[in-house]
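My request is simple: use the sequences and hints to build the entire structure.
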Amino acid sequence: AQSVTQPDIHITVSEGASLELRCNYSYGATPYLFWYVQSPGQGLQLLLKYFSGDTLVQGIKGFEAEFKRSQSSFNLRKPSVHWSDAAEYFCAVGLTGFQKLVFGTGTRLLVSP
Amino acid sequence: DGGITQSPKYLFRKEGQNVTLSCEQNLNHDAMYWYRQDPGQGLRLIYYSQIVNDFQKGDIAEGYSVSREKKESFPLTVTSAQKNPTAFYLCASSISREGGETQYFGPGTRLLVL
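Protein sequences appear in the order of chains A and B.
My numbering numbers the first residue of the first sequence as 1 and each following residue consecutively.
My numbering numbers the first residue of the second sequence as 114 and each following residue consecutively.
By construction, these hints were calculated from the structure, which means they are not laboratory data.
Capping the alpha-carbon separation at 16 Å, the derived lysine to aspartate or glutamate pairs in EDC-like fashion look like this: (1) A/K100 / B/D143; (2) B/K196 / B/E175; (3) A/K100 / B/D172.
The structure is reproduced here in structure tokens:
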């Protein structure tokens with residue numbers, strides 16, 4: 001069965017420091033890949049997505065992610081974190097054909113001053 | 114402005130009661146989805162619908178029901194058979210574009226049991 005692993009439940013980063021959130025997936029074919037962000041009590045906002053082509057994708061709010069097929073990974077990065085980035089981040093895998101998403105369990109980002 | 118609306122923001126259910134969560138979208142998306150979110154478990158798919166008058170069970174459909182009579186609307190009923198309904202419920206809709214399908218989410222409804 002398809003699965004998504006986000007190994008870090010919590011991450012604390014100092015404001016202005018760089019950020020990398022890890023995501024690994026298990027799926028037989030090349031999946032569609034997504035990162036979403038959720039503020040407390042809110043819905044999910046799409047940060048970026050990968051369908052095909054260039055393996056480095058740019059998203060909103062200065063985020064980027066790189067698809068590495070050999071490592072089955074799709075890690076999210078940001079060069080300089082702002083206090084407003086504190087939220088929960090979800091990686092998701094979409095199956096080919098109909099787009100049923102499988103979500104990771106999320107990583108909560110805390111930003112320290 | 115186009116978007117997805119969910120109502121109410123908070124909903125309280127008494128034992129043995131059925132409650133209905135509303136989801137409306139004006140994005141002209143064909144497909145709609147319901148997810149349940151519990152702490153530490155990510156999102157789990159309850160039901161989805163690709164077209165009007167058709168829907169399929171997701172991974173955790175027991176104790177829930179849906180209808181899709183209009184393209185814009187996909188209400189979810191939490192029945193008395195759902196023994197642990199306390200959760201955050203998220204509705205989404207999707208569009209196929211740029212070689213893939215992308216889901217967009219509403220603001221959610223938090224369901225609490227009295």
